[in-house]
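Colleague: Protein sequences, first through last, are from chains A and B. The numbering of the first sequence is the working numbering, which starts it at 1 and goes up by one. The numbering of the second sequence is the working numbering, which starts it at 1 and goes up by one.
No wet-lab data here; the hints were simulated from the structure. All the given hints hold, so there is nothing to weed out.
Taking CB as the label site, the calculated pair distances span:
# : chain 1 : residue 1 : chain 2 : residue 2 : range
1 : B       : Asn66     : A       : Ser11     : 14 to 24 Å
2 : B       : Tyr175    : A       : Gln44     : 42 to 52 Å
3 : A       : Leu68     : B       : Glu145    : 43 to 53 Å
4 : B       : Tyr175    : A       : Arg18     : 16 to 26 Å
Straight-line alpha carbon distances no greater than 27 Å define the calculated DSS-like cross-link-like pairs of lysine-lysine that follow:
#  : chain 1 : residue 1 : chain 2 : residue 2
5  : A       : Lys51     : B       : Lys3
6  : B       : Lys3      : B       : Lys18
7  : B       : Lys52     : B       : Lys3
8  : A       : Lys51     : B       : Lys52
9  : A       : Lys51     : B       : Lys18
10 : B       : Lys18     : B       : Lys52
From a predicted model like this one, the values you see are computed outputs, not experimental measurements. Glycine included, each C-beta is placed from N, C-alpha and C at the ideal position.
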Amino acid sequence: MKQKPDETLDSWVQQSLRQLPDTSPPGSTFDPERLWSQLRPELQATSSRRKVSIMWWATAACLASLVLGWLWSQQSAENHPTNVTRSMIRNVDTPSVSHQGKKPISEVLVEESAIADHTTSQVRLKTRHRSNVSIAVESPSSPPDESVNVVTQNSESPLPVEMPITIEKPTERNKPNVAVVAPKRRFRVMHENELRAEEETQPKLYRPDHFVRIGTGRNEEPISESYPSDLITHLTTKKTQ
Amino acid sequence: MSKQLVEQCQRGNSFAQKRLYDQYANRLFRVSLRYVRNEPEAEEVLMNGFLKAFRAIGDFTYRDDNGLEAWLRRIVVNEALQYLRANRHLPLFQADDDVEGQPDSVPLPDTNLDAERIYALIRELPPGYRTVFNLYVIEGYTHREIAEQLTISENTSKSQLNKARALLQNWLTHYGYEAETRRNA
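All chains, full assembly: derive it from the sequences and hints.
Modeller: The structure is reproduced here in structure tokens:
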């Protein structure tokens with residue numbers, strides 16, 4: 001098949017150009033070495049710029065990871081339930097101090113419930129309560145993880161805010177089968193009237209500073225300093241007798 | 001040989017870059033000179049092309065020397081087209097009246113007469129004709145690709161190519177080079 005004249009011209013041009021020598025055109029002032037001397041600094045600048053950019057990215061990544069790690073540790077420290085639980089236990093163990101100077105236990109528990117709003121932290125709280133400290137409301141069927149909610153609800157009720165709380169400390173840790181063991185009593189919540197009634201049944205111990213002296217107070221013998229001063233009542237002697 | 005050269009260039013070895021440059025600089029200078037008006041512009045295009053090539057050589061997969069040369073040529077051609085666009089040499093298309101006649105300033109080299117003369121005549125084509133002729137005949141682009149590259153229609157590309165062929169044929173005839181005759185001879 002005969003080629004068209006245009007295609008013939010094209011192929012002829014292509015063949016001719018393939019025969020061109022591997023040099024610059026005749027009469028050209030092109031100097032490859034001169035162009036290379038201009039090109040080389042650009043290439044070195046490119047490679048050094050790339051190294052600098054890699055260094056910057058690496059530094060930025062390290063800083064970002066450090067900041068994120070610090071933020072994460074801060075957040076986990078805030079949400080960590082052991083701090084709240086320990087402070088709560090300290091308050092409960094020393095009730096005279098906690099009821100006078102510090103916040104009542106109900107407020108602490110409300111704060112705890114607010115902090116433990118997040119689901120994960122709630123899960124963490126549950127596990128922590130189960131494993132380390134046993135604090136439970138005195139409700140036989142309530143599981144340990146409902147203790148916080150129950151106490152929180154009580155704190156909102158018109159009942160007295162400061163409720164006597166008893167704690168059972170854990171006797172065994174890390175029991176192998178939790179399901180077999182019955183839920184421990186961690187709290188004992190009782191009404192104030194019941195507490196009074198209980199106290200009334202117990203033998204009363206009178207504190208000596210609440211005694212009052214009855215009588216004229218006349219003393220014929222001087223009381224020595226070594227003589228015990230408490231629990232002594234003087235019989236009054238009437239002059240008429 | 002070239003494979004090792006390419007691998008060394010991919011690792012940023014400056015000696016390998018120099019060897020690759022030496023191997024292709026003159027050839028690619030001729031390529032860029034076919035698209036732009038003069039040698040300083042061709043040098044600028046070639047320099048930018050080599051810079052891009054050395055930056056992008058990490059993504060290049062070596063198969064053979066032809067593939068390497070084609071890759072480098074493509075980079076230089078794209079760089080030349082970008083240069084033409086940036087310097088507002090595109091669109092480069094003139095009316096028919098302006099391009100008639102014989103070239104006055106075609107240098108006729110003494111050595112390698114046929115190839116060098118063809119090369120010189122192509123460089124003497126008007127810019128629009130030359131660009132389309134280079135892309136279609138020498139680089140092997142289709143009219144659609146040329147239209148996309150130069151932001152012209154396909155018909156414009158075809159008409160420019162026909163005019164470039166006609167003008168080149170005229171010049172060749174003037175210099176005594178009849179394509180058909182030469183082919184048969």
